[in-house]
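A.B. asks: This is what each chain is made of:
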Amino acid sequence: MLSVGLGTLIWTSVAFLVVAFLLKKMAWKPILKSLKERDDFIEKSLQSAEEARKQMSQLKSDNEKLLAEARNDREKILKEAREMKDKIITDARTKASEEGDRIVASAKSEIEKEKNAAMADLKNQVASLSLEIAEKVLRKEFENKDQQQALISEQLKTAQMN
Amino acid sequence: MTIQAVENKKFRCGLFVKKIFSLIILVAFLVVSSGVLANEGHAEGEKKKKFNAGEMIMHHISDAHEIHFLTLNEGKYNEKHLAIYLPVILWTNKGFQVFSSSHFYHSRKTDKNHGGTFFGYKEFVMAHEHIYYANENGGLTNDEKGEIANAHPLDLSITKTVAGLLITGIICLLIFVGVARRYTSGVPDKPRGIQSLMEPLILFVKDEIAIPSIGHKSADKFLPFLLTIFFFIWIANLLGLIPFLGGFNVMGTLGVTIVLATIVFIITLVNGNRHYWTHIMWPPGVPTAIKFILVPIEVMGIFIKPAVLMIRLTANITAGHIIILSFVSLIMIFGQNSAVAGYGVGVGSLIFMIFMNLIELLVAFLQAYVFTLLAAMYFGSALEEAHH
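In the order they appear, the protein sequences are chains P and B. Just add 11 to the spot in the first sequence (first one is 1) and you have our numbering. Just add 16 to the spot in the second sequence (first one is 1) and you have our numbering.
In case anyone wonders, no lab produced these hints; they're calculated from the structure. Keep in mind it's a predicted model, so treat the numbers as computed, not measured. Hints may contain errors.
Claimed, not checked - Lysine-lysine pairs mimicking DSBU-like chemistry, simulated, CA-CA at most 30 Å apart:
#, chain 1, residue 1, chain 2, residue 2
1, B, K222, P, K47
2, B, K222, P, K35
3, B, K233, P, K40
4, P, K47, P, K71
5, B, K237, P, K36
6, B, K233, P, K36
7, P, K47, B, K233
8, B, K237, B, K321
9, B, K96, P, K40
10, P, K55, B, K233
11, B, K237, P, K44
12, P, K87, P, K71
13, B, K206, P, K40
14, B, K92, B, K138
15, B, K66, P, K40
16, B, K66, P, K55
17, B, K233, P, K44
18, P, K36, B, K206
19, B, K96, P, K35
20, B, K125, P, K35
21, B, K222, P, K36
22, P, K119, P, K106
23, P, K147, P, K134
24, B, K321, B, K233
25, B, K321, P, K65
26, B, K237, P, K47
27, B, K206, P, K47
28, P, K44, B, K96
29, P, K106, P, K96
30, P, K98, P, K87
31, B, K92, P, K55
32, P, K147, P, K119
33, P, K55, B, K110
34, B, K138, P, K35
35, P, K35, B, K321
36, B, K125, B, K66
37, B, K138, B, K96
38, P, K44, B, K92
39, P, K40, B, K138
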C-alpha cells in the first residue's frame, strides 16, 4: 500500500493519460459541446419567448394607444363640430339681427323720406291752394272791397295756423 | 473422549463458521464470475495457522500479483485457492520476461526470515509481492540488517492495482463514450438511460467545481481533465467496494495517487501566470524581512498542496478498507474461540459492515469530489489575475 513501485507509477501514468486522452477526444468534447448547444438552445428559446412576450405587450400597448388616440380624435371632432354648430348658429343669429336692424333702419329712413316728401307735397298743395284761395279772394275783393279785406285777414289767420 | 477429540471438535466448530462464510462468498462469486482459475492445493501437512488480523488486513489492502477470491480447505492437504493469476512482466538484464504469476504462487518455499514463506520461479523469487533475482541457492540473501539484499528486475507486472486501474479505465471509456454517442445523435433531447445518471454529475463537476474555482473564462480548458479525474477516482473507489471481487484498493495505493497528484502539480505549474509566481517568489505589499520567511513557505506550499491531495485520497480509501476488514476479522477472531461467539459477533459485525459500506459509498464520491475540487482550486489560483 505505502511502498511505491516503479511499475505502478509507469502503469498508472500510462493508463491514466491514455484514458484521459481518449475520454477527452471521444467523450468530453462531444458531451460538453452538445451540452453547450443545448444550453444555448434553451437560452435562445427563452430569449425569443421573452422577446415575443415583449412584442406582444408592445403590440397591446400600441393598440391601447391607438384606441386612446382614436377616442381623443372623436372627442376632438365632436367638440369641434359642436363649436362649429354653435358658431354658425351665433353667426346666423347676429347676421339675422343685423339684417333686421338694417331693414328696420332703412324702412325708417324710407318712411322719413316719404313723410318729408308728403309734407313737402302737402306744403306745395297748401301753397297752391292758398294761391287759389288768394286768387278767389282777390277776385272777390275786386267785387267788394270790405269783404275782400275781411276775407284776406281771415284767410291769413287760417294760413298761419298751419 | 480424548483430549485430542475435544480439541478437534473445537477446531471443526471454528472452521464451520469459516465454511459458511466461504459458502456465501462462493455462491455470490460464482454468479459474478466464471473465468476463475481453480488451482491445485498446496503442499500437504501444512499446519493451520492462528488467524492474524493485522496480517490479513495488510494482505488485502496491499498490492499483489493475483486477484485472490478465497481459499478452500485452508490448512488442509486439499487446500484450494480461487484466484485470477495476473501476468508478471519483468524487465530483466536479459530483456522482457512474461509469465503467469501462478508459477510463483504454486511454488511456495520457506525461509526462516521474512514471514516464513516466499515464492520462487526460474531465476526469480517473490517475497511480500516484491520480485527479486534469486541468489545462487535459489533463495533470498539478507544483509546485516536482515533486509533482503537481492538485486531486483524492473517489475512491470499487471498487479492487482494495475488491473483495477485498467478495469476502471475501460469502464470509464465504455460509459462515457456510450453517453457521448447519445449526445451526438440528432437534436437536443432529454437525457435517457445512463446518460441521465451521468449528466447531473457532469454538470455538477462543471457548474459546482470547475466554474466557481477557475472562473467562466478558463474553466472549459480544464474541464476535460477534471471530469476524467473525478470519474476515474469515483469509479475506482466504487470498484474497490464491490465484495468478492478481490477488494481492489486502487486509490488507496500511494503509487497511483502520487501520479494523479503529480499530474495536477504539473498542470498547475505550467499554467501559473505572472501574478501566481510573483505572489510566491516576491509577495507584494509585505515588508522585505517578512518576505524571507514567507517565500520559503510559499515555495514549500507548491509541493505540499499536491502531496496533501495524494495523502488524503490514499488514507481515506485505505482507512475505509481497513475498517471493513477489521469487522470481518472480529468474526474470525471470535469464531476461532467458539462458534457461538463467532455467530454473535458476526451479527453485530455485519450490521456495522453494512453501515460502513454505505459510508464508504459516500466516501468514494466525496474523495473524488474533494480531489477534483482542490485540483480545480489549484488551477484557479494559478490563473488568478491581479485585482488590486
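A.B. asks: Against this structure, judge whether each hint is valid.
C.D. replies: Verification of the supplied hints:
1. B/K222 to P/K47: holds (11 Å)
2. B/K222 to P/K35: holds (14 Å)
3. B/K233 to P/K40: At roughly 17 Å apart (the allowed maximum being 30 Å), P/K40 and B/K233 satisfy the hint.
4. P/K47 to P/K71: The given pair, whose Cα atoms are some 35 Å apart, is violated under the 30 Å limit.
5. B/K237 to P/K36: holds (13 Å)
6. B/K233 to P/K36: The given pair, whose Cα atoms are some 21 Å apart, holds under the 30 Å limit.
7. P/K47 to B/K233: Status holds; Cα separation ~14 Å.
8. B/K237 to B/K321: holds (21 Å)
9. B/K96 to P/K40: violated (49 Å)
10. P/K55 to B/K233: Holds: P/K55 and B/K233 sit about 21 Å apart, inside 30 Å.
11. B/K237 to P/K44: holds (13 Å)
12. P/K87 to P/K71: holds (24 Å)
13. B/K206 to P/K40: holds (19 Å)
14. B/K92 to B/K138: Cα-Cα ~27 Å, so holds.
15. B/K66 to P/K40: The given pair, whose Cα atoms are some 55 Å apart, is violated under the 30 Å limit.
16. B/K66 to P/K55: violated (71 Å)
17. B/K233 to P/K44: holds (16 Å)
18. P/K36 to B/K206: Answer holds: P/K36 to B/K206 is near 23 Å, not above 30 Å.
19. B/K96 to P/K35: violated (44 Å)
20. B/K125 to P/K35: Not satisfied, since the Cα-Cα distance of roughly 48 Å exceeds 30 Å.
21. B/K222 to P/K36: holds (17 Å)
22. P/K119 to P/K106: Since the Cα atoms of P/K119 and P/K106 sit roughly 19 Å apart, the hinted pair holds (cutoff 30 Å).
23. P/K147 to P/K134: The given pair, whose Cα atoms are some 19 Å apart, holds under the 30 Å limit.
24. B/K321 to B/K233: OK: B/K321 and B/K233 at ~24 Å, within 30 Å.
25. B/K321 to P/K65: violated (52 Å)
26. B/K237 to P/K47: holds (14 Å)
27. B/K206 to P/K47: holds (14 Å)
28. P/K44 to B/K96: Status violated; Cα separation ~53 Å.
29. P/K106 to P/K96: holds (15 Å)
30. P/K98 to P/K87: At roughly 16 Å apart (the allowed maximum being 30 Å), P/K87 and P/K98 satisfy the hint.
31. B/K92 to P/K55: violated (73 Å)
32. P/K147 to P/K119: violated (40 Å)
33. P/K55 to B/K110: Between P/K55 and B/K110 the Cα gap is close to 66 Å, so the pair fails against 30 Å, i.e. violated.
34. B/K138 to P/K35: Distance of about 43 Å is beyond 30 Å: violated.
35. P/K35 to B/K321: Measuring from Cα to Cα gives roughly 26 Å; hence the hint holds.
36. B/K125 to B/K66: holds (20 Å)
37. B/K138 to B/K96: Holds, at roughly 23 Å.
38. P/K44 to B/K92: violated (61 Å)
39. P/K40 to B/K138: Violated, at roughly 49 Å.
Violation of the numbered hints given earlier is confined to hints 4, 9, 15, 16, 19, 20, 25, 28, 31, 32, 33, 34, 38 and 39; the remaining hints are satisfied by the structure.
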